[in-house]
Amino acid sequence: MVGERRVDGAASPLGTVVGGSLSRGLDVRLGSAEAVEQAKVGTFVTIQGAGSRYFGIITDLRLDAADQRLASAMADADAALASVLSGTSAYSLATVSLNLTTGVGGEAPQPAKSLPGHFSAVHRASNEDVQAIFGSEDAWHIYIGSPLDMEDTRVCLDLRKFVERSNGVFGKSGTGKSFLTRILLAGILQRGV
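In terms of our numbering, the sequence shown opens at residue 51 and continues consecutively.
Hints may be right or wrong, so weigh each one.
[What the hints assert, rightly or not] In silico DSBU-like cross-links for lysine-lysine, where the CA-CA straight-line distance does not exceed 30 Å:
(1) LYS90 - LYS227
(2) LYS90 - LYS222
(3) LYS222 - LYS211
(4) LYS227 - LYS211
(5) LYS163 - LYS90
(6) LYS163 - LYS211
Note that these hints are calculated values from the structure, not bench results.
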């Protein structure tokens, strides 16, 4: 499965960085047909640069073509021709918003203020990657849930940092705002923060 851990422990890449900017996000060319269907908006990803490791989130997915005339010419294409052109002349792109960066030595995460180079590999973030950013459950970190389509990943919140600022829980109707608020308040009361 693309983006999952292989037998040797390394993750197979979802794709590679082909362009973008810090303000509008990185363009990541997805590597295969499986990666196209498995990459979902909201998925956490990591990007290994030359001297830094970047942590981001997929914010958009789109289909593109090297030649825009290809779309109209392919309306009645057979499966064999579509297979040949898929991934070369016609390809998929993901937009990744960079959030944080860490140094190679495992320094504390900092806001991303630089970019990884062209052709840097993009991987789906593992549970260990998410724990390096959000922390793991302990006396001050509470488990608040898992991202969509990443059920094996546990996101924790540092309650000490959370209560230092004014906070609010916002979202659409039926998205779990009341449920999340109860988890947060119970954690604050239980741990005496």
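A quick look at each hint next to the structure:
1. LYS90 - LYS227: holds, 22 Å
2. LYS90 - LYS222: Status holds; Cα separation ~20 Å.
3. LYS222 - LYS211: holds, 25 Å
4. LYS227 - LYS211: holds, 20 Å
5. LYS163 - LYS90: Holds, at about 25 Å.
6. LYS163 - LYS211: holds, 22 Å
In summary, the structure agrees with every hint in the numbered list given earlier.
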